[in-house]
Each structure stands twice: as C-alpha cells, then as structure tokens.
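Using the sequences and the accompanying hints, generate a full structural model.
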Amino acid sequence: MTVKYPETWDLDTLFSGGSESQELRLHMNQAVTMLTEFEKLVQKFKGPTGKEDAENVYDLLEKMSEVMRHLSQSGAFIGCLMAQNTQDKKAGILESEAASLSARFQNSFQKIQQDLTKTEDAVWNELLNEDLLRKFTFILNEWREEAKQLLSEKEESMITALSTDGYHGWSQLYDMLVGEIKVTVTVDGETKLLSVGQANNLSSHKDSAVRKESYEKLEEAWTEKEEFFAKTLNSIGGFRLEIYKKRGWENVLQEPLHINRMKQETLDAMWGAISKNKQPFVDYLTKKAELLGKDGLDWYDVDAPVTESTQQFSYQEGAEFILKQFGKFGPELEYFAKQAFEKGWIEAENRPNKRPGGFCTGLPLSEESRIFMTYSGSMSNVATLAHELGHAFHSYALRPVHSLNRSYAMNVAETASTFAEMIVADAAVKNAQSKEEKIALLEDKVQRSVAFFMNIHSRFLFETRFYEERKKGVVPAARLNELMEQAQQEGFAGGLSSTHPHFWASKLHFYITQVPFYNFPYTFGYLFSLSVYAKALEAGSSFEEKYMALLRDTAVMSAEDLAMKHLGEDITQQAFWEKGIALCIQDAKEFISLTSAEA
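Numbered per numbering that gives the first Met the number 0, the sequence shown spans residues 0 to 598.
Honestly, the hints are just simulated from the structure, not real lab data. Wrong hints could be hidden among the right ones.
[Stated by the list, open to error] Across the chosen pairs, the derived CB separations fall in these ranges:
1) E152 x K50: 19 to 29 Å
2) L25 x E341: 24 to 34 Å
3) I511 x G472: 43 to 53 Å
4) E319 x K50: 49 to 59 Å
5) T222 x Q315: 52 to 62 Å
6) K471 x K275: 25 to 35 Å
7) R350 x R24: 20 to 30 Å
8) H257 x S541: 46 to 56 Å
9) I511 x D11: 42 to 52 Å
[As the list claims (entries may be wrong)] No farther apart than 30 Å at their CA atoms in a straight line, the calculated lysine-lysine pairs in the DSS-like style are these:
10) K262 x K578
11) K437 x K275
12) K286 x K262
13) K588 x K437
14) K62 x K43
15) K245 x K506
16) K153 x K110
17) K429 x K286
18) K437 x K534
19) K39 x K50
20) K62 x K153
21) K293 x K153
22) K275 x K578
23) K437 x K323
24) K117 x K323
25) K506 x K262
26) K134 x K39
27) K211 x K181
28) K117 x K39
29) K244 x K89
30) K275 x K506
31) K578 x K564
32) K205 x K216
33) K153 x K245
34) K205 x K564
35) K134 x K45
36) K262 x K534
37) K89 x K230
Small disclaimer: the values here were computed from a predicted structure and weren't measured. Cβ atoms here follow ideal geometry from the backbone N, Cα and C, with glycine treated the same way.
What follows is the structure, encoded as structure tokens:
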C-alpha cells in the first residue's frame, strides 16, 4: 500500500507547541547555561604553548561543539516557525533572542581564534600532529588564518555585539516588510489576495495575462516601498563596508571568497567561461519569444510554459517520481528521501502567510533536516523539492563526521542539491510521453541554465557594482533601479526586451547578512555538480559511495583541492567550466531544434 505523504512538516517532534513551546523555552534556557559555562572556560583559555596542551584544546573544542549544536537546534526551529507563518509575532521575538545568543557565542569563538594566533608556528605544527587534534587540522588552521585578518579581540567583539540590533536587524526588517506585502491578482477568473511567495509562483502560469498582472502588481508593491528597501540595503551594505574598511579589506569579494574557500582565479575562470558562451541561451530566449508570439521576451515571460498543456504533478506524484529516480542512483539517497517524506520533514503546502522561496535547514541534535517550499504542481516545483532534498542528503552523508568538520561552504553546498535536481530533471526528459511533454521538460532544464548563467550573473554584477558605489555614499533607489537594469541587460546578453528594475528589492538574497554575495555559489554548485553528475553516469550505481566520500570532504578542504582530489580537475582554468556549460548548450540546441520542427 502506498503511503500518503504529508504536505505540511512536523515540527512538534522537535519542540511541541510552536512559538509557545515550553520544551523550546527549556532548551533555550539550557543553551544559555551551557553558553555561560563555555564563556567562562574561554576566558581562562590563553592559547596552547606546547603539544602537552592538546587535551585542553580538544576539551574546549568538544564544549564548543556542544554549544553550537544546541544553538543551531533552536535557531533552525525558530527559522521554520518564521517561514511557515510570517504573522507569528512570538517567533519574531524568539528570533531576536536566538540572534543575541549567537552573538555571544561568536564573541567567545573570536577570542579562541585570537588566542590560537599567539602560538608559535613550530609549536602549532607539533600540536596538530597529536592524535586528538589531527582530524581538526583544516579547520584549526583556517580559524588561525582568519584571526590574522581580523581586528583585535575587543574590536571584533564590539562589531559582533552591534551587529545583532544593527546589521542583522536590518535583514530581519526586510523579512517583516516583505511578509506584510499582499497583492490582488485575478487567476482563472477568480480575484485572489496573495502573498509575495504565492504571486511569484504565478511566473510560470500558462496565461500570459496572469503572469503580467502578478508581475505588475508586485512591481507596484516594490515601487511603493522602494525607499524602505533602499534604506535597508544601503544600511546592510554600509555596515559591511565599514567593517571591511576597519580590517583593511579593499576587495568586497575577499569575505565571500574566503567563506566559500575558493580563489579569485576560480571565480574569474567560471564567469569568463560563462560570458563567452551565452549566445546559445540568447538564441533560446529569442526562440521562446517567438513561440509565445512576441517580438522579444519580457521579464515576466522568462518562466512561461511554451506548450499548451504543461504536465502537473500532485505532491504525492512528485514525491513518488523523485523516489523512483533517486533509487536508480543509489539506495542511500532513496532511503533517506523516503524517510524525509514519510516523517513529515517537508513543508510544501500552498497557503497564505508563508515566506517566499525555499530552503533546507539542519537540526544537529536530532540529526534531522526540515525542508521549506510552496508546492503548486509544476515540474519546476518537483525539481525544487529534489534540490532541497539534496541539501538534506548532504547533512545525512556527514553524520559520521565530527560536527566541527561539517561546516561546508555555500558553493559546495549547492553541489549536492543541484546534483539531486539533475537526477530528476534528466529522468523527466527521458521519460517524456510525448514530444510536447519533452519540450516542456527540456525547457525546464534550460531555464535552470538561464537562471544560473544569466539571472545569477546579473545579480553578481549588480551586487559588485552596488558595493563599489556604496563606498562613496548612499545609493538612491532610482540608481539601484538603473544598476539592476544594466546588470540584467549584461547578464542576459541583451536577450530580454524588458527587465525587472526592482529585482534588487524583491530578492531576499541581497538582504542576507550571514553570507555576503549570496549568488555566485549557486552557479559554482550547478557547474561543479555537472562534472560530478557526468562521473556518476559513467560509473552507475557504484558511484554513490564515492559521491558520499566527496560530500564528507566538503568542509575540510578548499574548493580547488576538493575538485582535484575527487574529480582530478583544475577549476582555476576555464576549460573545466566549459565542459559543464557544453552539456547545457546541448539542451538549449535540442530545445530550439524540437520547437523549430514543431513550427
């Protein structure tokens, strides 16, 4: 008998009672006690002076790990509460409390980093050769090098303290502003009051009038509040740049590149290869406009279906399709995803007051994940669901690894998710029952390439230029619109007849304070995973074990070393990236060929 998979997640198995949970309150109180004890321990810690201090350092790391896991557990749960209901005021208060605890932990962590820099190199190398600490070599070296780039312990502590209500406060304000926005759109003859997330889902509606109306209504909302969003973005950017200035960092990409453990040469090689190979995707956009009966493609038509009847999948059908395809790759991935569906780890219901977008969050104490999205039945939704399950599988693969060796960067985080998405997307095209269906599914794949090579490139160009202008002063809303449109024209290589001037206001990623430049890692992950996927196709089911070994290494080496060890590739060269792009170009050309034959 087929198990009916729930469309709403189960949070009560974590802490029952939602934002009023007494279990959560007790957990957070316990976390405060543990954090206070940890802070005292850190204050006594003066840094290692010889290899005989290995046990003390190990004990400190174990205490740190315990505090981190407790804070992450409650933080992830509160994030779920905020996402599932933007009207949950109590969750907002809890979010602020969790942010304050994280800031306290960060202060202690920074003191440990500073203390590690005081150890002489010879002593340091001896210390890392001790059995207790050898497995932490990468992260300890990374922490030590990071500390050398920072200000004094006192100054960094002050920055962290001020960030809670300043820097991160602006990010939370953005979430609140977007959560309050509602637009009225006529869908299938019925007037509906929609949240931003629900209205965004209409970008792939079959009716061009619905797509246009939802876009225009949202654009009106962004325009109405553009001064609020401009103030928020400028405040986040100004705070970030002032910190960089104090630290002596001139390049705005220094922090994001460091966070993603990759070199500037790698980033330049990736964008260079993409920029040289955009014409096939411009041709695709031109062909799409023609199929829609237009002279040029407008922004609100980029996600439009080109066939009359795009296949719809119920949530149950989408889940079963994913499980079937995951099973062909390997038993571990299939087993894991089945657990996620059956145990209610996924919030997919299409309802008001949910946050827009999708995410996967880990709960380290439970060794579980929770996935958030709004599912409306398109193949794109099925792919998104597979994408988020890929993130969750990454955490699952890391379970045998010590928790301090699980902090992988965003660029490689997108590898597992995009890999899972590709398994499903490829299978959908191969299993197409008709030419029309194949065109629709193939286009869904090409749309992802357009998103990663063009849309995200335009985000990267906008953000880079915004920060350069922000160094000279506040960038007004009107100028932000100009920068956004210029970046989109360049990013899409002139392939659109109209752009989205307020995209900078509509995209949550520009307002995330934990990770700057929340864009290029997606493209990195997409192309990197294509290389991994190619090897998986060659090896068949025997590849799953090697794949999981790669995932386990994602947090203990640089992106360049990871690629060399597991793929034998030099990712600082454009040649590596062009291999993946070539596969995407094949999809674009096949789409054009099939649709030309249709005509």
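To see whether the hints hold, each was checked on the structure:
{"no.": "1", "hint": "E152 x K50: 19 to 29 Å", "result": "holds, 25 Å"}
{"no.": "2", "hint": "L25 x E341: 24 to 34 Å", "result": "holds, 28 Å"}
{"no.": "3", "hint": "I511 x G472: 43 to 53 Å", "result": "violated, 23 Å"}
{"no.": "4", "hint": "E319 x K50: 49 to 59 Å", "result": "holds, 56 Å"}
{"no.": "5", "hint": "T222 x Q315: 52 to 62 Å", "result": "violated, 40 Å"}
{"no.": "6", "hint": "K471 x K275: 25 to 35 Å", "result": "holds, 32 Å"}
{"no.": "7", "hint": "R350 x R24: 20 to 30 Å", "result": "holds, 27 Å"}
{"no.": "8", "hint": "H257 x S541: 46 to 56 Å", "result": "violated, 36 Å"}
{"no.": "9", "hint": "I511 x D11: 42 to 52 Å", "result": "violated, 28 Å"}
{"no.": "10", "hint": "K262 x K578", "result": "holds, 20 Å"}
{"no.": "11", "hint": "K437 x K275", "result": "holds, 28 Å"}
{"no.": "12", "hint": "K286 x K262", "result": "violated, 37 Å"}
{"no.": "13", "hint": "K588 x K437", "result": "holds, 14 Å"}
{"no.": "14", "hint": "K62 x K43", "result": "holds, 14 Å"}
{"no.": "15", "hint": "K245 x K506", "result": "holds, 28 Å"}
{"no.": "16", "hint": "K153 x K110", "result": "holds, 9 Å"}
{"no.": "17", "hint": "K429 x K286", "result": "holds, 22 Å"}
{"no.": "18", "hint": "K437 x K534", "result": "holds, 25 Å"}
{"no.": "19", "hint": "K39 x K50", "result": "holds, 23 Å"}
{"no.": "20", "hint": "K62 x K153", "result": "holds, 23 Å"}
{"no.": "21", "hint": "K293 x K153", "result": "violated, 60 Å"}
{"no.": "22", "hint": "K275 x K578", "result": "holds, 13 Å"}
{"no.": "23", "hint": "K437 x K323", "result": "holds, 19 Å"}
{"no.": "24", "hint": "K117 x K323", "result": "violated, 54 Å"}
{"no.": "25", "hint": "K506 x K262", "result": "holds, 26 Å"}
{"no.": "26", "hint": "K134 x K39", "result": "holds, 26 Å"}
{"no.": "27", "hint": "K211 x K181", "result": "holds, 16 Å"}
{"no.": "28", "hint": "K117 x K39", "result": "holds, 20 Å"}
{"no.": "29", "hint": "K244 x K89", "result": "violated, 37 Å"}
{"no.": "30", "hint": "K275 x K506", "result": "holds, 27 Å"}
{"no.": "31", "hint": "K578 x K564", "result": "holds, 18 Å"}
{"no.": "32", "hint": "K205 x K216", "result": "holds, 18 Å"}
{"no.": "33", "hint": "K153 x K245", "result": "holds, 13 Å"}
{"no.": "34", "hint": "K205 x K564", "result": "violated, 45 Å"}
{"no.": "35", "hint": "K134 x K45", "result": "holds, 22 Å"}
{"no.": "36", "hint": "K262 x K534", "result": "holds, 24 Å"}
{"no.": "37", "hint": "K89 x K230", "result": "holds, 26 Å"}
When the structure is compared with the earlier hints, violations turn up for hints 3, 5, 8, 9, 12, 21, 24, 29, 34 and for no others.
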